[in-house]
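For reference, the chains in residue letters:
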Amino acid sequence: MSDQNFDVVVVGGGPGGYVAAIRAAQLGFSTAIVEREHLGGICLNWGCIPTKALLRSAEINSLIKHADQYGFKIDSYSFDFKKIIERSRKVAAQLSGGIKHLMKKNKVTVFDGHGKLLGKGRLDVSKDGKNVATIVAKHIVLATGARARVLPGLEPDGKLVWTYKEAMNPEAMPKSVLVVGSGAIGIEFASFYRQLGADVTVVEVMDRVMPVEDAEISAIARKQFEKQGMKIMTGAKVVKLDRGANDVTVHVEAGGKTEQIKVERVISAVGIVANTENIGVENTKVKLDRGHIVVNEWLQTDEPGVYAIGDCVPGPWLAHKASHEGVICIEKIKGLPDVHPMKRENIPGCTYCTPQVASVGLTEAKAKEKGYDVKVGRFPFIGNGKAVALGETDGMIKTVFDAKTGELLGAHMVGPEVTEMIQGYVVGKTMETTELDLMHTIFPHPTISEAMHESVLDAYGKALHI
Amino acid sequence: MPHNVLMPALSPTMTEGKLAKWVKKEGDKVKAGDVIAEIETDKATMEVEAVDEGVLAKIVVPAGTDGVKVNSLIAMLLEEGEDASALSNAPAAPAPKTVTPANQPAAEAAKPAPAMAVATPAQAKSSGRVFASPLAKRIAKEKGIDLSAIKGSGPHGRIVKSDLDKAPAGAAASKAAAAGGSFTPAASSVNAQALADAYGIPYTLTPNSGVRKVIARRLSESKQTVPHFYLTVDCELDALLALRKQLNDSMDGLKISVNDFIIKATAAALQKFPAANVSWTDDNIVQYTRADVSVAVATPNGLITPIIVDAANKSLKVISSEMKDLGARAKEGKLKPQEFQGGTISVSNLGMFGISQFSAIINPPQAAILAVGAGQERVVVKNGQMAVANVMTVTASFDHRAIDGAVGAEYLQVFKKLIENPMGLLL
Numbered sequence: 382m383s384d385q386n387f388d389v390v391v392v393g394g395g396p397g398g399y400v401a402a403i404r405a406a407q408l409g410f411s412t413a414i415v416e417r418e419h420l421g422g423i424c425l426n427w428g429c430i431p432t433k434a435l436l437r438s439a440e441i442n443s444l445i446k447h448a449d450q451y452g453f454k455i456d457s458y459s460f461d462f463k464k465i466i467e468r469s470r471k472v473a474a475q476l477s478g479g480i481k482h483l484m485k486k487n488k489v490t491v492f493d494g495h496g497k498l499l500g501k502g503r504l505d506v507s508k509d510g511k512n513v514a515t516i517v518a519k520h521i522v523l524a525t526g527a528r529a530r531v532l533p534g535l536e537p538d539g540k541l542v543w544t545y546k547e548a549m550n551p552e553a554m555p556k557s558v559l560v561v562g563s564g565a566i567g568i569e570f571a572s573f574y575r576q577l578g579a580d581v582t583v584v585e586v587m588d589r590v591m592p593v594e595d596a597e598i599s600a601i602a603r604k605q606f607e608k609q610g611m612k613i614m615t616g617a618k619v620v621k622l623d624r625g626a627n628d629v630t631v632h633v634e635a636g637g638k639t640e641q642i643k644v645e646r647v648i649s650a651v652g653i654v655a656n657t658e659n660i661g662v663e664n665t666k667v668k669l670d671r672g673h674i675v676v677n678e679w680l681q682t683d684e685p686g687v688y689a690i691g692d693c694v695p696g697p698w699l700a701h702k703a704s705h706e707g708v709i710c711i712e713k714i715k716g717l718p719d720v721h722p723m724k725r726e727n728i729p730g731c732t733y734c735t736p737q738v739a740s741v742g743l744t745e746a747k748a749k750e751k752g753y754d755v756k757v758g759r760f761p762f763i764g765n766g767k768a769v770a771l772g773e774t775d776g777m778i779k780t781v782f783d784a785k786t787g788e789l790l791g792a793h794m795v796g797p798e799v800t801e802m803i804q805g806y807v808v809g810k811t812m813e814t815t816e817l818d819l820m821h822t823i824f825p826h827p828t829i830s831e832a833m834h835e836s837v838l839d840a841y842g843k844a845l846h847i
Numbered sequence: 371m372p373h374n375v376l377m378p379a380l381s382p383t384m385t386e387g388k389l390a391k392w393v394k395k396e397g398d399k400v401k402a403g404d405v406i407a408e409i410e411t412d413k414a415t416m417e418v419e420a421v422d423e424g425v426l427a428k429i430v431v432p433a434g435t436d437g438v439k440v441n442s443l444i445a446m447l448l449e450e451g452e453d454a455s456a457l458s459n460a461p462a463a464p465a466p467k468t469v470t471p472a473n474q475p476a477a478e479a480a481k482p483a484p485a486m487a488v489a490t491p492a493q494a495k496s497s498g499r500v501f502a503s504p505l506a507k508r509i510a511k512e513k514g515i516d517l518s519a520i521k522g523s524g525p526h527g528r529i530v531k532s533d534l535d536k537a538p539a540g541a542a543a544s545k546a547a548a549a550g551g552s553f554t555p556a557a558s559s560v561n562a563q564a565l566a567d568a569y570g571i572p573y574t575l576t577p578n579s580g581v582r583k584v585i586a587r588r589l590s591e592s593k594q595t596v597p598h599f600y601l602t603v604d605c606e607l608d609a610l611l612a613l614r615k616q617l618n619d620s621m622d623g624l625k626i627s628v629n630d631f632i633i634k635a636t637a638a639a640l641q642k643f644p645a646a647n648v649s650w651t652d653d654n655i656v657q658y659t660r661a662d663v664s665v666a667v668a669t670p671n672g673l674i675t676p677i678i679v680d681a682a683n684k685s686l687k688v689i690s691s692e693m694k695d696l697g698a699r700a701k702e703g704k705l706k707p708q709e710f711q712g713g714t715i716s717v718s719n720l721g722m723f724g725i726s727q728f729s730a731i732i733n734p735p736q737a738a739i740l741a742v743g744a745g746q747e748r749v750v751v752k753n754g755q756m757a758v759a760n761v762m763t764v765t766a767s768f769d770h771r772a773i774d775g776a777v778g779a780e781y782l783q784v785f786k787k788l789i790e791n792p793m794g795l796l797l
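Chains as they are written, first to last, in this note's numbering: chain A, 382 to 847; chain B, 371 to 797.
Derived by calculation from the structure, the hints in this document are not laboratory data. A hint or two may mislead.
What the hints assert, rightly or not - In silico DSS-like cross-links for lysine-lysine, where the CA-CA straight-line distance does not exceed 27 Å: (1) K715(A) - K521(B); (2) K507(B) - K756(A); (3) K749(A) - K536(B); (4) K513(B) - K713(A); (5) K521(B) - K724(A); (6) K593(B) - K785(A); (7) K751(A) - K507(B); (8) K724(A) - K511(B); (9) K521(B) - K713(A); (10) K511(B) - K749(A); (11) K488(A) - K519(A); (12) K511(A) - K666(A); (13) K621(A) - K540(A); (14) K706(B) - K751(A); (15) K785(A) - K521(B); (16) K749(A) - K531(B); (17) K513(B) - K724(A); (18) K521(B) - K747(A); (19) K749(A) - K521(B); (20) K536(B) - K713(A); (21) K519(A) - K666(A); (22) K546(A) - K488(A); (23) K749(A) - K513(B); (24) K511(B) - K785(A); (25) K751(A) - K511(B); (26) K531(B) - K724(A); (27) K507(B) - K843(A); (28) K785(A) - K694(B); (29) K751(A) - K536(B); (30) K724(A) - K446(A); (31) K521(B) - K843(A).
To be verified - Residues from chain B shown here face chain A by an in silico Cβ test under 10 Å; the list is partial: (32) S503; (33) A506; (34) K507; (35) R508; (36) E512; (37) G527; (38) R528; (39) K531.
These numbers come from a predicted model, not from an experiment. Using N, Cα and C, we set each Cβ at its ideal position, and we do this for glycine too.
Isolated chain A, as found in the complex (with noise of 0.2 Å):
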């Protein structure tokens, strides 16, 4: 077969690959994109969106329980979690056809295959180990992911010990789990699978769950995780598991003392590995450090023409970045004006478990070890209208801000509805606000984002509802 060219081309097609590509064909440029499995990548088939779904499902499930909390007697009911999974699969499947348009629409060529750089401009797409493809490409954009991290002793079996994979499409609902790592997929599982009734044991390696976010805001989504009936052992490692016919013996050691917790089903969620093996990158002058790819602030590789973004290249491994890392790269090759690079601190992280969480920049620990002298806002939604109306008043928001500048250096919040309003932060971090704009800003009445107003004039002073 002869070579293909193009003048992009994007090996894999995750929310990095796929925005990349459309961004590509949208500037002019004749685009290709390479993907091995499916068009949308893990966040669309098995991570971000189907565990929304499975989320949302966990969620109806505790407002029924609940019910009588808003006038309603409810004295039996089931649900079945074939059909919750299920559903769970048609949002990914629906969501992954329409990338496939998306594409379509932008007239990007999509090959289904592996992706391997062979040298200068150079790609190989091969299908089940037969080169299917060869493209020459002025430009290529690494976008090739991660998967999740093995720990030794904690291998996954696909039956026993899941991956999110698995924990995301079994085949009966486990009656109990031992989540390990508390990071965003850990919690989010724990908190599907406690909130339909399963035993949750959570085992965490550092100090607290959660360990990115603020210490306030994970001590209190702690709080209410154990309050949910969830057992949460930190400074804890799994140190060995005794693999039964149908259950797990995990072997937890804290505190000096090892633990012995009899479960139906491990969940690993220890962090994610780049996929930067066999993609050629010894045929180019592409570095990786510990496994992830070296790029500068525009993304590109130390290999010209080379560029990579999202999972495969340094964190925060979340797929908003991804996207936007896929748009700088390509706007930068266009030669566009104005494009700048990513500020790290502008990147909101969410994790949808409940109560939700959400945060962006610094957090206040992290501020005061870079010597800001802070000024820190607190709120409780105990405060707030709205909040109370829904009865989610469980959680706060925290704001931190320089002292000196007025700058808001972070936000971080656990509390109802919070992934949808960090973006307010966020636009006004972007923005480099101060506490004056956001005080100047007039919140609609009554909403539960008017806690975030109440916490920015806290920091100053000047809460009125506290």
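Chain A is already provided as a structure; the job is to place chain B on it using the hints.
Frame of chain A, contents of chain B only:
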């Protein structure tokens, strides 16, 4: 009724200055003509006289305040017998004619209008909307950075926080923008202090004076925006030295210097060859019809250039005595603005240090400067024979936008002829 004492404009381009010192205290009686305060501009220190009689009731701007805007209220005078309570009824901004700088004709100070008119273009620029993030605005305010002098790197050129990390703190940026029009010196890419810290080189710091900053700004501007070219010529001085000795011997106390001859020759050559007595503007060549020579004088505070106005039509004797007076007052920082602002050509003489040849930076908007080296005995060849002569090397820098190479060369030819045949300078 109380009289408001306003910050005077000591020169057409002055927009702000430092209130260096109050000579009178609150409660002191003042008469018209009394010096009440001293004001430091970027060029010189000036005394401020009261034009009204009364009591200095209130000092609004304390001594040592930097960056006091022209026409802002600095003090209040009460008429004799007037109650201090009248102060609270003081009008906000009356006509700025209560004070006049010392040594300056009253009429000069009483017409601040042209001064304002000159300052307007620069101010108009900075009053246009500057797009900056709220945080950048806050930081700029705290550090005293003029945002209009900064290039933004944010969306649509918006100024963001990181742009300010590289900006100089304090009034430096705003002075450059306000005083010089549109030119903004490029910030040096390396910070000497940071490097010295990094490499452990010991040092002390001296804050830049106003004069230092102006030298830095104007000469950077000149070297970066004016296309210089250089022409060098050797002038034999023997006839000039002989004539000078004759003149100085002829009259007691008369001490005409070689430099006085050079000043006269510089101007006389321009008069004979006006094509070099020009300035460049974007629309026109400004052809001066009088030759005013700016003479570079080193002072403890830095370089200043007092002017011999119409030097071609002044006698060597007058030039000599004016130069002595101007030089002495320049060293004390007591020159009046009009004595060092202007000029149509400059002369810089480093001969007294034994420098034989150098090239100088043009002092804009002028288009030429002569760099004069030492008069030295050198071997010259005359009619195939070696001979010894006193020779002085002069290198002229010209602004090529206004003066072409041949024009500059012809001017130097005329200059050389006047220096080598100095009798013409006596006429």
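For each hint, the structure was consulted:
1. K715(A) - K521(B): OK: K715(A) and K521(B) at ~23 Å, within 27 Å.
2. K507(B) - K756(A): Cα-Cα ~20 Å, so holds.
3. K749(A) - K536(B): Roughly 24 Å between the alpha carbons, so the hint for K749(A) and K536(B) holds.
4. K513(B) - K713(A): With Cα atoms ~33 Å apart, K513(B) and K713(A) exceed 27 Å; violated.
5. K521(B) - K724(A): holds, 19 Å
6. K593(B) - K785(A): Distance ~39 Å between K593(B) and K785(A) Cα, so the pair is violated.
7. K751(A) - K507(B): Judged against 27 Å, a Cα distance of about 22 Å means the pair holds.
8. K724(A) - K511(B): Holds - the C-alpha atoms of K511(B) and K724(A) are around 24 Å apart, at most 27 Å.
9. K521(B) - K713(A): Judged against 27 Å, a Cα distance of about 20 Å means the pair holds.
10. K511(B) - K749(A): holds, 24 Å
11. K488(A) - K519(A): Holds, at about 18 Å.
12. K511(A) - K666(A): holds, 25 Å
13. K621(A) - K540(A): Holds, at roughly 17 Å.
14. K706(B) - K751(A): Measuring from Cα to Cα gives roughly 52 Å; hence the hint is violated.
15. K785(A) - K521(B): Distance of about 24 Å is within 27 Å: holds.
16. K749(A) - K531(B): Since the Cα atoms of K749(A) and K531(B) sit roughly 20 Å apart, the hinted pair holds (cutoff 27 Å).
17. K513(B) - K724(A): The given pair, whose Cα atoms are some 24 Å apart, holds under the 27 Å limit.
18. K521(B) - K747(A): violated, 31 Å
19. K749(A) - K521(B): Judged against 27 Å, a Cα distance of about 31 Å means the pair is violated.
20. K536(B) - K713(A): It holds: about 24 Å lies between the C-alpha atoms, which stays within 27 Å.
21. K519(A) - K666(A): Holds, at about 16 Å.
22. K546(A) - K488(A): violated, 31 Å
23. K749(A) - K513(B): Roughly 22 Å between the alpha carbons, so the hint for K749(A) and K513(B) holds.
24. K511(B) - K785(A): Given that 27 Å is the threshold and the Cα spacing comes to 12 Å, the pair holds.
25. K751(A) - K511(B): Holds. K751(A) to K511(B) sits at ~23 Å (cutoff 27 Å).
26. K531(B) - K724(A): Within the cut-off at roughly 12 Å; holds.
27. K507(B) - K843(A): holds, 23 Å
28. K785(A) - K694(B): violated, 54 Å
29. K751(A) - K536(B): holds, 20 Å
30. K724(A) - K446(A): violated, 43 Å
31. K521(B) - K843(A): It is violated: about 36 Å lies between the C-alpha atoms, which goes past 27 Å.
32. S503: holds, 3 Å
33. A506: It holds, given that the least Cβ distance between A506(B) and chain A is near 6 Å, below 10 Å.
34. K507: holds, 8 Å
35. R508: holds, 5 Å
36. E512: holds, 7 Å
37. G527: holds, 8 Å
38. R528: holds, 9 Å
39. K531: holds, 6 Å
In terms of the numbered hints stated before, the structure departs from hints 4, 6, 14, 18, 19, 22, 28, 30 and 31, listed from lowest to highest.
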